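> Could you put the whole structure together from the sequences, leaning on the hints where they help?
Residue numbers (this note's numbering), protein chains in the order written: chain H, 6 to 261; chain L, 32 to 294.
The set of hints was computed from the structure by calculation and includes no laboratory data. Hints may be right or wrong, so weigh each one.
Derived, one-sided and incomplete: chain L residues facing chain H with beta-carbon distance under 10 Å [unchecked claim]:
| id | residue |
| --- | --- |
| 1 | K48 |
| 2 | D189 |
| 3 | V195 |
| 4 | D205 |
| 5 | Y207 |
| 6 | P289 |
The structure presented is a predicted model; accordingly, all values stated were derived computationally and were not measured. Every residue, glycine too, gets a C-beta built ideally from N, C-alpha and C.
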Amino acid sequence: MVACIEGRNVSLTFRPPNRGPVRALQGFDIDVQDGEFLSIVGPSGCGKSTFLNVVLGLIKADSGDVLMRGKPIAGPGTDRAMVFQEFGLLPWRTVLNNIELGLELKGVPAGQRRDVSQRFVQMVGLSGFEGHYPHELSGGMKQRVGLARALATDPDVLLMDEPFAALDAQTRDVMQVELLRIWHEAKKTVLFVTHQIEEAIYLSDRVMVMTKRPGHAKKIFAIDLPRPRDYEMRVTPEFNELKLQIWHALKDEITV
Amino acid sequence: MQNAGAPRESFLERHRKVLLGLLAVLLFFAAWQAAFLVVPFNPLFISKPNLIAKAFVDLIADGDMLRDLGVSAMPFLYGFVSAAVVGIVVGIVMGWRVRVGYALDPLMTVFYATPLVALAPLVIVFFGVGVSGKAIIIFSLSVFPFIFNAQAGVRAVDRLLINVVRSLGGSEWDLYVKVIVPGVLPYIVAGARIAVGRALIGILVGEFFAASEGIGYAIARFGDLFALDKMFACILAIMVIAIVLTEGIRWAERAAFPWRVGR
Chain H
6 MVACIEGRNV SLTFRPPNRG PVRALQGFDI DVQDGEFLSI VGPSGCGKST FLNVVLGLIK
66 ADSGDVLMRG KPIAGPGTDR AMVFQEFGLL PWRTVLNNIE LGLELKGVPA GQRRDVSQRF
126 VQMVGLSGFE GHYPHELSGG MKQRVGLARA LATDPDVLLM DEPFAALDAQ TRDVMQVELL
186 RIWHEAKKTV LFVTHQIEEA IYLSDRVMVM TKRPGHAKKI FAIDLPRPRD YEMRVTPEFN
246 ELKLQIWHAL KDEITV
Chain L
32 MQNAGAPRES FLERHRKVLL GLLAVLLFFA AWQAAFLVVP FNPLFISKPN LIAKAFVDLI
92 ADGDMLRDLG VSAMPFLYGF VSAAVVGIVV GIVMGWRVRV GYALDPLMTV FYATPLVALA
152 PLVIVFFGVG VSGKAIIIFS LSVFPFIFNA QAGVRAVDRL LINVVRSLGG SEWDLYVKVI
212 VPGVLPYIVA GARIAVGRAL IGILVGEFFA ASEGIGYAIA RFGDLFALDK MFACILAIMV
272 IAIVLTEGIR WAERAAFPWR VGR
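Structure (structure tokens):
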């Protein structure tokens, strides 16, 4: 079976002007299965966000293969969509118009766009806020818009780059529960990048730990906790055991 | 909303910004008028507010001022609108296309620093005393605020938004239409406020050097005739127009960019 997303021996070096080159990824391998929720945790600057941007098609790897259903990724495509840490909402567009952005760029007629965006407003729980501008929303609501915008184009893969890192702790807990509900409903493959071990375990089918820069896969953990998962699961012995194992794999990679 | 439950503010408190501003203006004219009671100025060289007000009313009543303003309005409109169109396009391209920016920056700075007013006689020689000569002077004075502000606006565009549109399959054109232009608009409006002032200077300069009608010509002629009441009345008209245009732009800005409210 062909994996949904496949990375083979991926290497990438940034060459910023007037500074030394930065090796972000080196010999990075990954397989993401269809319908899977896979999280990547790793130390800051290990290249995990870089890999998401490669999959998104915004940057190119220097060497190695990055494949989507067996085909090399050449650029952005409607089979993938990203949810950004800093939301990336257009400040001059209302909630509804922000959600429609991807459909608009695809050339979907206005009436049809409206129907789709209305449906996703409902799904992410923003009914009543359709006409609000981003500056009128809380952080959690902004990310709901970001999620709805990504889902509206009906991608196969949802790429999430530390989507809840800019939110306060309680809002983040609520958003994690919400994300699982939406994931069940929308049935997407998710590649999720985070710093938080607990978040990764709670959400994922598998968790990959990356090494420090230049980053590659260190270890992959299967999270065999039953679904649907509720908040109370986070205090079970199985959960804590996983947390400890992942922490042990991760801690040697962290330099302060 | 934040005042809910608080006692209603009085008329004076609600409009204190406008009222205090008006008060200062009135005090200024009162002091001007009062100065004549103390110092015996030569009325040949200076006028006082009550005479200016009378001249203002007279000039409007006999239609002279409106005719002059009408004559000046055409070159103003042509010059200002073309400056806006050209300045916005050039500024956006200079800001977004890095190499174009590098190439044109020094040239634009040189032009901006040039005392274009001093070249006005040449423009009149080349293009005559009609609408086109004046419009070109107005254009060359008011185009720069549009260029520089549009360029600064593009540079302030959030790179994340560019990536968002790219990742959703947007083309280069989509970037301009969906991100760059909306992001730059508030900067352009700020530039327009500066450009209005410079364009008004442009119309006066153009008409001072060579013209047979128009508000600038009227000011120069009344000055030559020592008809200072009328000269100041015309200057007053220009001031009023400047305030109306600038405030009009400010008002349009609030109405057009609701997402900026509360920033």
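> It remains to establish, for every hint, whether it holds in the given structure.
Results of checking the hints against the structure:
Look at K48 of chain L: its Cβ only gets to about 24 Å from chain H, farther than 10 Å, so that hint breaks. The beta carbon of D189 of chain L comes within 8 Å of a beta carbon in chain H, closer than 10 Å, and the hint placing it at the interface holds. With a cut of 10 Å, the hint placing V195 of chain L at the interface with chain H holds, because the nearest CB-to-CB distance is about 4 Å. Interface hint at D205 of chain L: satisfied, since its Cβ lies 6 Å from the closest Cβ of chain H, which is below the 10 Å cut-off.
Taken as an interface hint, Y207 of chain L does not check out: its beta carbon lies about 13 Å from the nearest beta carbon of chain H, beyond 10 Å. Hint status for P289 of chain L relative to chain H: holds, with the closest Cβ pair at about 7 Å, below 10 Å.
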